[in-house]
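Colleague: Listed below, chain by chain, are the residues.
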Amino acid sequence: MHYLREVHNCKHFRNPDFNRESAEAELVSRDGTPLSVYQVPDIATADRVIIIYAMRMKQQPEKIDYILLPEALLRKFNLSTRQDPGDIRHPLLQRTHHEILGLNVNVLEKLVDDLPSWGIQGRRVPKSELRDKAQEECNHSDGGPEALALVAGRPGWDYLQQPPRQP
Amino acid sequence: MAIADSPKTQLMRTRTWKTAGTYSIDPKTANYFQLKTDLGAFGESATQVNRIKDFEACIRIPGTDIPFRRTKATEPRAAVITNAAHSTIPKSGEPLLRERIATLESGSGIIADPDVLFWSNLGEGGARWLLARMNERLGMRQLWRIADLLTATYGVSVNPILSDLEAVPSPRKASALLSALTAVSPAALRQFIPRIESILRRYLGHPDDAVRSQAAGAIGIIPDPSATVLLRDALTRETDDDVIGALEEELAQRSHL
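Respectively, the protein sequence lines represent chains V and P. In terms of my numbering, the first sequence opens at residue 1 and continues consecutively. In terms of my numbering, the second sequence opens at residue 1001 and continues consecutively.
Keep in mind that the hints were calculated from the coordinates and are not lab data. Possibly wrong hints are sitting among the right ones.
Unchecked claim - What the simulated footprint calls covered on chain V by chain P, stretch by stretch (three residues with Cβ under 8 angstroms from a Cβ of chain P suffice, anywhere in the stretch; the number is not a length):
#, stretch
1, 56 to 65
2, 121 to 130
Claimed, not checked - Residues of chain V placed beyond 12 angstroms of chain P at every Cβ, according to the derived structure:
#, residue
3, P16
4, A44
5, D114
6, N139
Cβ atoms here follow ideal geometry from the backbone N, Cα and C, with glycine treated the same way.
Full structure from sequences and hints, please.
Modeller: Shown next as structure tokens:
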């Protein structure tokens, strides 16, 4: 099991480009609140989660990066997680949204120091891929209408409302 | 701040109140705030009274010295543009603004009209306050929410955003601001094109590849042929595969226009 976290630049977590300062900034939570992550069993789920997350958060399709934190890494630092459906209006995001508890500044520093030895996986979803996959999400049996509702009122996603082009 | 006459009284006094226009509430406080509204669209009397009360409630942000300019909720967002009377936010306004932004940061989706009006009414000072907040230790989600808010309040935020981009923001902040600019209506950016072009040229050479990708995505703001030239120039220098992909993607879109 892994925990997905959206980041500014996934490459800052990879060897040999590991950037300690950037990695720490990516994993900080606001005002001591728990760190928001998504629990994903496999890469396919991770890819779906990040697309729907982008639809929920972004004004328009654009590149988005994420990393996958192994569950064992969290266990090593005695970090626990709890499911938090919150007010997310999409079934997949609701099921997978978790919070990491106990990640204070001291633990964060140690965890970031340890990251290079874990071979953290990260991926950038380019804009074109995000555009196409968002369309697929709107037709998905698990949360298609909810995905479409997430982007309502944001002109950058208007193309999702149009019927697919005929070949 | 003493208000000599309530806006309701002033509005009720005037016999031309169904005429669209801009009203200064009081000549003595005209520099302090202006109530700009299209009175012709109010409708029947019950609505009129409610609307006017609404304006009264919005004249000043409660508990602070911050003036509040208000336009009617149905007015297009571009019309929220008013002369920014305030370049900075008084200290007394900090707690309220922090409370307000914390509520907004925890949400998602389109920014609600009351929030757009609230922050627009603070003028460029409000936008600069938001930009300063982006320097704090925020998660990506919070950064994005502020970027969304800056997009929604573009009438007052574009100039401060460009000023921040012309300085040296953190890579995360630079990406969020480029994203905010990308989502602004091209018509609202027309007067800033030379400045934006210079900014994008610089960010296409940024050391962080994620920022360069974001800058490539923002090229859509620039009209051709300048955009194509920028993209081709960047392609000759770029070495990162992801950024090359982003540049080629934008170039391909240009060829379809």
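Colleague: State for each hint whether it applies.
Modeller: Verification of the supplied hints:
no., hint, verdict
1, 56 to 65, "holds (count 8)"
2, 121 to 130, "holds (count 4)"
3, P16, "holds (14 angstroms)"
4, A44, "holds (21 angstroms)"
5, D114, "holds (21 angstroms)"
6, N139, "holds (21 angstroms)"
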